[in-house]
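Fit chains Y and G to the known structure of chain F by using the hints.
Protein chains in written order, with the working numbering: chain F, 1 to 106; chain Y, 1001 to 1262; chain G, 2001 to 2158.
Derived lysine-lysine pairs resembling DSBU-like cross-links, with alpha carbons at most 30 Å apart:
1) Lys2086/G / Lys62/F
2) Lys2054/G / Lys13/F
3) Lys62/F / Lys2054/G
4) Lys1144/Y / Lys10/F
5) Lys2058/G / Lys10/F
6) Lys62/F / Lys2058/G
7) Lys10/F / Lys78/F
8) Lys78/F / Lys2054/G
9) Lys78/F / Lys13/F
10) Lys13/F / Lys2086/G
11) Lys2054/G / Lys2086/G
12) Lys2086/G / Lys81/F
13) Lys78/F / Lys2058/G
14) Lys1144/Y / Lys1164/Y
By construction, these hints were calculated from the structure, which means they are not laboratory data.
Bear in mind the structure is a predicted one, so any value in this text is a computation, not a measurement.
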Amino acid sequence: MPNTRIRVPKTAKAGDAVEIRAIIQHPMENGFRLDSQGTPIPVEIITDFSCTYDGGEVFSVKLEPGLSANPYFSFFLKATKSGPVDFRWVDQDGTITTATEQLDVT
Amino acid sequence: MNRALVAILACAGIVATFAAVFAADQVPAQKPISGYDFMTPEVQQLQDDDFANPGLLWVEEGQTIWDDTKVASGKSCASCHGDAVTAMRGVATRYPAYSVEAGHVINLEQQINQCRRERQGEPDFPYESEPLLSITAFVSTQSKGLPQSVAIVGPAAESFERGKAFFYQRRGQLNLSCSNCHEQHAGDHLRGESISQGQLNGFPIYRALWQTMGSTNRMFAWCNEAVRAEPYPAGSQEYVDLELFERWRGQGLNIETPAVRR
Amino acid sequence: MTDQNDSAAWSRRGVLAGLGAGVMLLAMPVRADDVSVAQAITDTFGTTPRQDGKITLKLPPLAETGNTVPLTVTVDSPMSDTERVKRVVVFANRNPRPLIAIMTFGPRAATAEFSTNMRLSGTQDVIAMAELSDGSIWQAQVRVLVTVGACDTLQLRY
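Extracted from the complex, chain F is given alone in its bound form (with noise of 0.2 Å):
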């Protein structure tokens, strides 16, 4: 499983915009580049990420090749209860990476 970071902070207050980071060890790659042999390597890239929390998404995208390798995202998520906050990303190879962190809003 690829290797992920994600940020969320440990406590909100209710109704707070909470700034959350994610980020995916990927190489996006984008179908243009050679190999040494001249070949070119074939589209290998992330295709889906979302992030949900509280029963609804917060935020999620449709990803291209023209989005950098190891592709981060930040977005701000509306603190309403606590609860775990939920990433997923989808390699179109099919693997789905996931990763959680607890969100205590006060």
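Chains Y and G only, in chain F's frame:
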């Protein structure tokens, strides 16, 4: 004051003068400047970001390798060394260094592999492999903020002289030495980009061009090919010697691993 | 320039430069033109009319290599239950594939803002389009200069 003491003091004075002259001879040709200072603000921000710096993905992987006990000897790096934060602090500032076991100067990657072979009973991580880049980045980042200070005297002196000769040797179809660009023209431009001093204090680096981590030896190979010279293999003594000279050239620069470069 | 000069211009250097340029063209992926970008936008949003405004695009005016260009998009919206940004789509009008990514804001999003890193194959315009809950479509455009270093023009093995 008796005569003997005067004689001893005089001798000591002469020795001290000689040492000073010798040391003055061994001073980098220019004041070292980190590659960081040649980057655009966006690249600098990415390096400084303690979350978004992509090199941290490799550092985290390195921590996993450090703690991994699933090796032939059953001993992880941590089993012997303990917590890397204290045990590895300052280690990266001293490499490349002379190894009694190897009988020549080796770099940090080779030291890590020596440990793997002898203490863990495992084969070497191949050069430029993800695990070797990860563990090297992890060990190096423990010295972040400490100045580079490699030893170039004693058993390392020969290696240092060879590395120095390499740095000043013109090579390739373009007939350029490392010094032609990175010493004589540091700060000038090659088309769109500024030429850095070619310092190594941020290695392994996350390089935007490669879109991944890379070692000092990959950078040397890349640079050699850019002047249309046939590169040496990664981990070759030629490159280790060059790394020793280069690290000395950047004596006093703080370790920045994982640095981000364009 | 006379004809004679033209025929004499087949110097070794000129021929080599020409061959080099040919190889470069073969190696470079085809860049998008205005027609294909317009097509990519129509594929995403249909023919709904678009208005300028509401979007702030933060990009560096100058980027080196273009492999990691930081992008922040902010859309002016209260993000209330009734008035929201549904999605933001980013295009680069001279990339081989102009569509960069489609971002969707769910009900738990606090603001219509995100940051990421994108690839730009050379100097071009980055276009962001936002679709709001009332069906309106807004757009913004920023030009980014991508510089190329002398050593980067080669297809190096390392």
